[in-house]
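In case you want the letters, here they are:
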Amino acid sequence: MKSAKFGQHRSVYNKSISLVGILAAMAWMALANTSCSVKEIDTEHYYLCIGISDYENVKKLTYPNIDAEGLAYTLSQRGWQNAIPENASSPWKDGKLLDRNATKANIKDAIEKGFADVPSDATVLVYFSGHGAYNASKKISYLVPCEYPARQNFSAAISPEELYSWFSGLPTKNIIFISDSCYSGGFVSTQDSGDAMPDSYQDGADSTSVSVPNYALANFGSLLAKNAQAVGGRAPIAISAAGAKESSYDGFPDKAHGVLTYYLLLAADMGDSNHDGYVTCTEAYSYTARCINNYWNDKYGKEMAFYPHISGGARDLVLYCKSQDGG
Amino acid sequence: MRKKIRVLALSVGLAVLFVVLLPIGAQTSPLGEKQNSLELELLGSISPVIARIDLPEMNPGLQTGIGGAASLRLRIDPFGSRRTDDLSAPKVNALDKLSLVGDLELSTARFSQSAIMHDGQLYRAWQNFGLGALGGLSWGAFNVPLLKTQMVVSLCVGAALHVSNYTGTNLVSAYPSVLAQASFDTKTNKREGWSAFIPLEYAFKGGGSVLVFGLGFSCRWRLR
Chain A
1 MKSAKFGQHR SVYNKSISLV GILAAMAWMA LANTSCSVKE IDTEHYYLCI
51 GISDYENVKK LTYPNIDAEG LAYTLSQRGW QNAIPENASS PWKDGKLLDR
101 NATKANIKDA IEKGFADVPS DATVLVYFSG HGAYNASKKI SYLVPCEYPA
151 RQNFSAAISP EELYSWFSGL PTKNIIFISD SCYSGGFVST QDSGDAMPDS
201 YQDGADSTSV SVPNYALANF GSLLAKNAQA VGGRAPIAIS AAGAKESSYD
251 GFPDKAHGVL TYYLLLAADM GDSNHDGYVT CTEAYSYTAR CINNYWNDKY
301 GKEMAFYPHI SGGARDLVLY CKSQDGG
Chain B
1 MRKKIRVLAL SVGLAVLFVV LLPIGAQTSP LGEKQNSLEL ELLGSISPVI
51 ARIDLPEMNP GLQTGIGGAA SLRLRIDPFG SRRTDDLSAP KVNALDKLSL
101 VGDLELSTAR FSQSAIMHDG QLYRAWQNFG LGALGGLSWG AFNVPLLKTQ
151 MVVSLCVGAA LHVSNYTGTN LVSAYPSVLA QASFDTKTNK REGWSAFIPL
201 EYAFKGGGSV LVFGLGFSCR WRLR
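First to last, the protein sequences are chains A and B. Its first residue numbered 1, the first sequence is counted upward by one per residue in our numbering. Its first residue numbered 1, the second sequence is counted upward by one per residue in our numbering.
Any given hint could turn out to be false.
[Said to hold, decoys possible] Some chain A residues close to chain B (C-beta under 10 Å, calculated; not the full set): (1) Ala122; (2) Ile140; (3) Pro149; (4) Ala150; (5) Gln191; (6) Tyr215; (7) Leu223; (8) Ala225; (9) Tyr285; (10) Ser286.
[Unchecked claim] Covered stretches of chain A (chain B as the covering partner; in silico rule of three or more C-beta atoms under 8 Å from a C-beta of chain B): (11) 40-50; (12) 230-239; (13) 273-279; (14) 311-322.
Keep in mind the hints are simulated off the structure, nothing from the lab. Just so it is clear, the structure is predicted and the values come from calculations on it, not from any experiment. Note that beta-carbon positions come from the ideal geometry of N, C-alpha and C, so glycine has one too.
Starting from the given sequences, assemble the full structure and let the hints guide the process.
Below you can see the structure in the form of structure tokens.
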């Protein structure tokens with residue numbers, strides 16, 4: 001008798017749970033489709049790729065100009081247009097500003113004039129590959145232009161404050177900045193977040209000691225304060241090759257690119273983690289950082305280890321649109 | 001901002017009141033009439049959720065996700081014994097059906113990236129862990145002829161603190177939220193039971209807001 005009642009009870013439960021479950025699943029799937037569907041991107045995308053191998057006064061590098069050429073080509077294959085030249089004699093051509101043309105004044109001009117007439121909903125990408133510098137006393141990172149003097153003079157370099165002031169004058173706020181240079185983490189703002197990856201990867205000893213939960217618990221109060229101060233908005237999205245206190249590497253043997261750029265280029269085809277046909281900045285970063293950690297850091301050891309960084313905030317931008325040949 | 005802080009403080013206060021202070025009151029029942037008036041349950045729940053995220057200067061976005069939680073629920077009947085082995089036992093008055101409920105909840109949720117907007121903007125995928133406290137009232141049990149069972153309806157409000165991480169990055173943030181939850185618990189004589197619930201959460205995150213709602217299911221084990 002008891003077992004019969006138990007059986008009846010279970011049956012009612014099963015029915016009711018199944019019914020509600022099916023209804024919930026249907027509702028969720030309907031909303032999921034709404035949320036994840038991809039619209040066609042109908043705005044314009046412009047790029048400026050700066051690569052400096054041939055420095056006048058400091059050590060020459062091997063791959064930055066090839067990096068800039070490679071990224072410019074990949075972007076042009078995926079719906080991006082080059083920064084608009086001011087005139088026929090502009091030092092930036094086809095969206096590239098290379099070697100001896102990449103002086104501080106020309107970089108500023110290329111950003112301010114090359115993107116001066118883009119629509120307000122366009123996306124602008126600035127890529128820099130070359131030397132970086134770090135002022136330890138002021139804790140400021142710099143990008144090093146081609147005419148940088150042999151004797152250290154930080155005012156001849158480009159600080160984050162200068163670069164972002166150039167960006168602030170552009171008509172659009174959809175800005176992506178990628179830097180494949182040493183100490184470039186200083187150009188990355190964490191905004192509402194904290195970065196569990198230290199400014200120097202070697203400070204974290206190894207990848208296993210970088211624990212997001214531990215970092216969150218240890219810094220909970222300061223993270224809450226940071227959240228309270230956050231203003232949201234559309235700050236540029238920045239990806240750096242390295243932290244603010246560490247080197248990145250120019251030469252990846254047999255790959256003919258800087259380490260970050262090599263994987264960033266691969267991310268165009270391999271980085272689409274949700275298979276929606278678009279590679280966002282976060283997806284490209286995630287793919288690149290994972291590859292650097294798995295292939296470079298593991299192979300070359302702690303002394304040469306470094307780790308890319310990306311800016312905070314909930315906003316993301318598409319980096320690689322669908323390939324024009326449909327790939 | 002001040003308004004947000006006030007709402008948050010009020011929610012935290014209410015939650016603390018229900019979760020911490022009320023058990024003390026229940027234990028000091030004068031004549032022992034309220035035997036079994038305090039129930040303690042352990043809940044494990046899962047809920048498909050939708051987040052509506054809104055940042056200044058951007059259009060709002062929808063993110064689908066899945067949430068999970070483990071919680072301790074305290075149910076107190078301050079108006080008389082409500083736990084009975086006879087589900088069809090008549091109630092003396094309406095107050096007999098009323099109980100106070102408090103939840104202490106450890107939760108996690110994972111959200112996919114939003115749809116890509118026409119200009120290539122979107123909201124990042126993210127996940128969170130949270131610790132929250134809720135307090136409220138429950139009413140029942142009622143016969144639900146369609147489901148051929150009895151149900152208890154609970155309405156709770158509370159607050160939570162979360163840590164979150166943008167998927168694929170090492171970026172971590174922390175934020176507060178206020179919670180509201182309606183739950184529908186099946187009423188049986190057994191230790192185990194099922195619930196359906198509608199969670200609603202408003203989070204103050206990253207200079208913007210996130211409204212999370214969904215439909216969840218819990219299994220419950222009565223501990224006491």
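Practice task
Can you take a look at whether the segment 273-279 of chain A is actually covered by chain B? Rule is 3+ residues, C-beta closer than 8 Å.
Solution key: holds (count 4)
Problem - Hint status (Cβ of Ile140/A to nearest Cβ of chain B, threshold 10 Å) - result: violated, 22 Å
Practice task
Grab the minimum C-beta distance from Ala122/A to chain B and call the hint holds if it beats 10 Å, violated otherwise.
Solution key: holds, 8 Å
Problem - Coverage of the segment 230-239 of chain A by chain B (three or more Cβ within 8 Å) - result: This one holds; 5 residues, not fewer than the three required, reach chain B with a Cβ under 8 Å.
Handout entry: Given coverage of the segment 311-322 of chain A by chain B, checked by CB-CB distance under 8 Å (3 or more)
Key = Our answer is that it holds, as 8 residues pass the Cβ test (under 8 Å) against chain B, meeting three.
Problem - Interface restraint verdict for Ala150/A against chain B (beta-carbon cut-off 10 Å) - result: violated, 36 Å
Problem - Coverage of the segment 40-50 of chain A by chain B, judged on three or more residues with CB within 8 Å - result: holds (count 5)
Handout entry: Status of the hint placing Ala225/A at chain B (closest C-beta pair under 10 Å)
Key = holds, 9 Å
Problem - Minimum beta-carbon distance criterion (10 Å), Gln191/A to chain B - result: holds, 7 Å
Exercise for the section: Using 10 Å as the Cβ threshold, decide whether Leu223/A counts as touching chain B. Expected result: holds, 4 Å
Exercise for the section: For the hint on Pro149/A, just tell me whether its beta-carbon gets within less than 10 Å of chain B. Expected result: violated, 36 Å
Handout entry: Hint validity - Tyr215/A Cβ closer than 10 Å to any chain B Cβ
Key = holds, 6 Å
Violated hints for the displayed structure, listed by number in ascending order: 2, 3, 4.
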